[in-house]
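Participant: Chains as they are written, first to last, in this note's numbering: chain A, 1 to 287; chain B, 1001 to 1124.
Treat the hints with caution; some may be incorrect.
With a cut-off of at most 25 Å between alpha-carbon atoms, the simulated DSS-like pairs for lysine-lysine come out as follows [unchecked claim]:
{"hint": "1", "chain 1": "B", "residue 1": "K1042", "chain 2": "B", "residue 2": "K1058"}
{"hint": "2", "chain 1": "A", "residue 1": "K283", "chain 2": "B", "residue 2": "K1042"}
{"hint": "3", "chain 1": "B", "residue 1": "K1114", "chain 2": "A", "residue 2": "K283"}
{"hint": "4", "chain 1": "B", "residue 1": "K1042", "chain 2": "B", "residue 2": "K1114"}
{"hint": "5", "chain 1": "A", "residue 1": "K283", "chain 2": "B", "residue 2": "K1058"}
{"hint": "6", "chain 1": "B", "residue 1": "K1114", "chain 2": "B", "residue 2": "K1058"}
{"hint": "7", "chain 1": "B", "residue 1": "K1114", "chain 2": "B", "residue 2": "K1047"}
These are calculated hints, taken from the structure and not from any lab test.
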Amino acid sequence: MNSVLMTTTKSVSRILLGLSVLMNAALAFGAELPEFSALPDWSGTWSRRGGTVFDSGSWTLNGVSTHPSQPGAGVSAPGTRAHPPYNTEWEAVYQEHLALRDAGLFPDPLTRCISHGFPRIFNALAPVEFVVRPEQTWILAEHTRATMRIYTDGSEHPPAEARWHNFYGHSVGHWEGDTLVFTTVALKGWRDNDSVLDRSGLVLSDQAHATTRIHRTRENGEDLLLVEITLEDPLALTAPWVVEKRFYKDAEVTRIFDYECNEYNRAIVDDQGRSMILDEDGKVLNY
Amino acid sequence: MNKVLKVIFIGFSILGCQLATAHHSTVGQIEETSMEINGVVKEFQFKNPHSWIQIMVKDDSGQEVEWSVEWLIPNILMRQGYNPATFRPGDEVRVRLRQHVSGSPMGEFDGAIKADGSIVGRWD
């Protein structure tokens, strides 16, 4: 066999082997990936409207709304829709956190530049991008440079004993028409006291899991992505808790910029939960 | 300002109100009413997670005091049309801010008027 023929044969063999590996991987996942052209258009940037909290009733300070423009702001009693259906133990934790928040002493991990995690990414400030591909959807939040990956390639969650619990957990999903449906497991929760759902101090356990549905719709002439999250937690909640976030399409000229939180962070949190502001020499300015 | 930019500006201005306390809590730390200082910009720290305007201000005894005035995150400021050159070292400024309750020379930025009369931020 001459060298040209041998080289060609090897190249074809490698291509066939590569295709075989890819096909086997796809078959192993049982994937029937949608065509890219069949996926909805979620391009551009989207900005959340409404509060940065899930329990809208917690948008208060000492019983007074800290942001009067927020509809529904006010004191929310346990048992109302806005209030998470905590069991007694976790309700006590939440009330303790709310009291700390009112005193300016809740140690928000964000002050230490720790990323939002899920589901707090849907409370992130600044625009968010939703990058839709057949095998994955990425949610990219400018604030804290957050990235969340949702696998839609037919793969499944790891078995419980093999899960690494982290800020964003593990998400797999599928498309129901134009709606992305995904489940999230392996969250950190409050196990290390560094992952919260919002600054009110709303926390869940590391056994929390969620089902999220996102679809594009129009309301009052505006484009928006409606995010509905059903949170369940056998340790902290007595019933599923459904929360909703709305992201409105920004003008096409909107651009995302870099956000390296540790670039020049002049705020630190002391052991009492106080946010200390430092001058250039490291001296505390505000206490 | 054209209509599109106006909508963006208003939208991000509303967002900016949330961002003022986005990174760290200011609960109970900031005066509700604004005060004014007159001084010269030493440095505009256009950096994450929050921007700071360092301003040299002469106190009643004639001594210079450095004020730290906190503003929004640079990303939001960029979308509002500001940039690192919005304040330059040596700029004479009249600044409106809400001072820290401790009386320290620091506070949250509301707005400023520069020597050429241009307004930065809010000056209602």
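Participant: Look at each hint and say if it fits the structure.
Facilitator: Now the hints, each set against the structure:
1. B/K1042 to B/K1058: Distance ~13 Å between B/K1042 and B/K1058 Cα, so the pair holds.
2. A/K283 to B/K1042: The given pair, whose Cα atoms are some 18 Å apart, holds under the 25 Å limit.
3. B/K1114 to A/K283: Not satisfied, since the Cα-Cα distance of roughly 29 Å exceeds 25 Å.
4. B/K1042 to B/K1114: Answer holds: B/K1042 to B/K1114 is near 14 Å, not above 25 Å.
5. A/K283 to B/K1058: holds (21 Å)
6. B/K1114 to B/K1058: At roughly 17 Å apart (the allowed maximum being 25 Å), B/K1058 and B/K1114 satisfy the hint.
7. B/K1114 to B/K1047: holds (21 Å)
The structure shown violates just one earlier hint, number 3.
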